[in-house]
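Enquirer: Below, each chain spelled out in residue letters.
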Amino acid sequence: MASGIKDRVAILGMGCARFGERWDADADNLMVEAFEECLKDSGIDVSQIGAAWFSVAFDAVNVGPSGIPLSMALRLPNIAVTKVENYCASGTEAFRGAVYAVASGACDIALAMGVEKLKDTGYGGLPVRTKGTTYDMIGAAGSAPGNFAQLAAAYRAKHGVSPNDLKRAMAHVSVKSHANGAKNPKAHLRKAITEDQALNAPMIAEPLGLFDCCGVSDGAACAIVCTPEIAKALGKSDLVTVKALQVSASNGWEIQGSGWDGSYFHTTRIAAAKAYQEAGVTDPRAQISLTEVHDCFSITELVTMEDLSLSDEGQAYRDVLAGKFDADGEIPCQIDGGLKCFGHPIGASGLRMIYENYLQLLGRAGERQRKEPPSLALSHNLGGAPNLNVSAVAIVGLQGA
Amino acid sequence: MVGIIAVGAYVPRLRLQRQAVAAAHAWFAPGLRGLAKGERAMSSWDEDAITMAVEAARDCLTDLDRGRVKKIVLASTSLPFVDRQNAGIVKEALNLGDDVGSLDVGGSLRAGASALLDALYAAKGGAGEVLCLASEKRKATPASEQELINGEAAAAILVGDGEVAAEFLGGHSTSVDFVDHYRSDGQDFDYGWEQRWIRDEGYSKIAPAAIKAALAKVGVFADAVDRFIMAAPLKGVNDAVAKACGVKPEAVMEPLAEVLGDVGCAQPLMLLAHALDSAKAGQTLVVVGFGSGCDVLVFRATGKPARNGLGVAGWLARRKAEPNYFKYLAWNGLLPIEKGMRAEADQKTAMTALYRSRKAVFGLVGGKCSKTGTVQFPKTDVSVAQNDRAVGTQEDYPLADRKAAILTYTADRLTYSMDPPLYYGAIEFDEGGRLFCEFADVDADDVVVGASMRMMFRIKAVDEMRDFTKYFWKAVPDYRAAATSALAAE
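Order-wise, the sequence lines are chains Z and S. Taking our numbering, the leading residue of the first sequence gets 48, the next gets one more, and so forth. Taking our numbering, the leading residue of the second sequence gets 258, the next gets one more, and so forth.
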């Protein structure tokens, strides 16, 4: 019987590039920017890294095939580099690869790097790309906002929530993230907005307006992990350890089967339940100090609060409006601005979430530092669309928490 | 008895307002104002002669066993493919077995009548039941008379030996290279000659000769003709030809010019389908197709109903006025609009994969688990059922003619569409199975969770780099139930 990952791996150091429209930077530059910070934080030399996992999601306008681009950008000492792609959950996937490698004893120190260079497409939003030979013949030609917008239609129908109430809760999600992002020097979007601005923004995919959609950004984030013993031997005292790492991939039930009503994420519920069990969390509302969730769209964040059991089903819109997830609320969500404002360089996002949780746990988050010292922090990284997706949940915390 | 077993039709939902077209051209061609009466059927960007023919065929075959169709003939002068059988695509969309004949017919505006005549001769010769389709989506030069006169629609007529709604008495064909207009290979638009000459030397001489010959062959006197169906789009010509033949003026069928437009080679078949809706037992119908000669068909109605679906009147009743002439231009490639970079996505089709998946893509055939009854799309080796991972149990399960209800939806203004916003979402079929698909022919009010939908075969995308049209099914509001009851009440 597997005993899980809890406390078997520690984060030795992390780094994150400034996210945004980085007209000045290639993917290589972004990776170096994140890595130099991470290496300094770790206090090791590049030669000590035993293996690397490399996450990118959009090949067409990004680094190209294989793990080589990471190896070249950082001039790694010819170690194994594994490229991973799991839609927008790729970043957590790279982290999982590095953590599992250390936990297995196959290597002492491992690197997870995520990067995405999205602003070389020439247009706003995510690049249009193939979803596979069969899908391209029979699937709807929708965009990311269009796919996620459907959550709102189904959520309203299921819970009898009026369009206005839900739209206002969605606006609150974005207003909160903008307020948080304004305090984050590495964030892509650093301007606060008002509820009226969010409500009256141009429509992208009904009912999602412009401010219901996250930033499309360039960026990179990375982590160096090792065993707690090695971390201590390297002189680290306050350790952040991995408590849980769970990934759940759709098997087609939502899109092809019957029973799923379109208002929630089947995979997130599975990944969250497994992660809580792995981390020994029995009462997430009491035990989870803060969350970074995959707020690609405001409605995604809202229903995810229910899927993570942080709100009762059908009640998240009330909790959101009550400020439960604000920076000074009960369980802050996206205290760094989230995908919404920190930005969403796909392959880096899962690692960026862990980066923020890591800083918060160590009390290093500067102006945006959560006042009550957090002990367990959850990140939720989702890829795909509500009807077909990969959901990753990572819980990190202080050693002993 | 050989004749017409069933008829069907399809008219696209939008009706271009002729006044809007004439007003746009008034600065250049003020004479067009004389044609600016009523409206003409305007297909959507995602419809062509094939998709319209499919819908007409489905209308014709409503409540009929499709296994009876032994051959499909598709007549048109505006088929999307020159070398790839268009009728073959219709066959796949109707999910007919591979053991059916199929044939494209074109070459002149007589093609619809010619195809019908040939289908009847084939049925007489023992070919079995033939589904004769005629469909047109013709381009017209902006500011031409054709732009105002033309319409876009499709007709379907199932002919065979058995219990018929109209007995085929006989026909006659003449072939004359009378070039009233022509369109060369690769050209979008017709080149036409003076209308007075067409009327005096063409219709007035070629048609009466053929009609008289046909009537003489079948032994019917001209004054005994109850319905005279000729679809000349020129003013007064149908009446003049009827008169020249000795046909009663009241027998001349109104050509639907103000509500439908001239749908080219499909027009005689549309009008025939429409006429059979009200033809009484014993009435004689004459159908005339004109173009590079003349085809004449003579029928006698039996009183048995020919229509099972909506028919011409039913489809005409499903309408939405389209006052935007720019939309017509853009949809027909006559106005190069800025589509944005999202339109640049490569739409290349893997012919190997398309062939493997043809039943799913063209026929919307899913799977049903022989063990658990789970219905799914597409059919896969392993059942999608959460509680029974059955392997190799999925049997073909056609979904195209099953009703569905909306489960989720959005109106997407970001994704590229020629008809923004693009509506799409999940639909759940009443008898099981679900599909995430695009919606067509919808307005905002139509799209709510629970709304009833039916499927329609439409263009999914066009691979402009390789000039290849991709087809798939979309969900449209289920107007059929309401329309059918409205028709019955009339």
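Everything labelled a hint here was simulated from the structure, so no lab data went into it. Quick caveat: nothing in here was measured; it's all calculated off a predicted structure. Note that beta-carbon positions come from the ideal geometry of N, C-alpha and C, so glycine has one too. Possibly wrong hints are sitting among the right ones.
Said to hold, decoys possible - The following residues of chain S were derived to be distant from chain Z, with all beta-carbon distances above 10 Å:
hint: 1; residue: Glu515
hint: 2; residue: Gln633
hint: 3; residue: Tyr666
What the hints assert, rightly or not - Label pairs and their computed distance ranges (CB to CB):
hint: 4; chain 1: Z; residue 1: Asp212; chain 2: S; residue 2: Arg723; range: 35 to 41 Å
hint: 5; chain 1: S; residue 1: Met722; chain 2: Z; residue 2: Pro124; range: 52 to 58 Å
hint: 6; chain 1: Z; residue 1: Lys178; chain 2: S; residue 2: Phe446; range: 34 to 40 Å
hint: 7; chain 1: S; residue 1: Asp322; chain 2: Z; residue 2: Gly111; range: 43 to 49 Å
hint: 8; chain 1: S; residue 1: Ala647; chain 2: Z; residue 2: Met119; range: 21 to 27 Å
hint: 9; chain 1: S; residue 1: Gly630; chain 2: Z; residue 2: Met48; range: 55 to 61 Å
Enquirer: Does the no-contact call for Tyr666/S survive, Cβ to all of chain Z over 10 Å?
Expert: violated, 5 Å
Enquirer: Is the hinted range of 55 to 61 Å satisfied by the C-beta distance from Gly630/S to Met48/Z?
Expert: violated, 36 Å
Enquirer: For Met722/S and Pro124/Z, compare the CB-CB distance with the range 52 to 58 Å and indicate the outcome.
Expert: violated, 44 Å
Enquirer: Within 21 to 27 Å: is that where the Cβ-Cβ distance between Ala647/S and Met119/Z falls?
Expert: Violated: the Cβ-Cβ distance is about 48 Å, outside 21 to 27 Å.
Enquirer: Examine each Cβ of chain Z, and state whether all of them lie more than 10 Å from the Cβ of Glu515/S.
Expert: Non-interface label on Glu515/S holds, nearest chain Z Cβ at 36 Å vs cutoff 10 Å.
Enquirer: Report holds if the minimum CB distance from Gln633/S to chain Z is greater than 10 Å, and violated otherwise.
Expert: Gln633/S not clear of chain Z: closest Cβ-Cβ about 5 Å, inside 10 Å.
Enquirer: Given the hint of 35 to 41 Å, check if Asp212/Z and Arg723/S actually sit that far apart at their C-beta atoms.
Expert: Hint violated: Cβ distance 48 Å, outside 35 to 41 Å.
Enquirer: Lying within 34 to 40 Å: is that true of the beta-carbon distance Lys178/Z to Phe446/S?
Expert: The hint (34 to 40 Å, Cβ to Cβ) holds, given that Lys178/Z and Phe446/S are roughly 38 Å apart.
Enquirer: For Asp322/S and Gly111/Z, compare the CB-CB distance with the range 43 to 49 Å and indicate the outcome.
Expert: violated, 55 Å
Comparing the model with each numbered hint stated earlier shows that hints 2, 3, 4, 5, 7, 8 and 9 do not hold.
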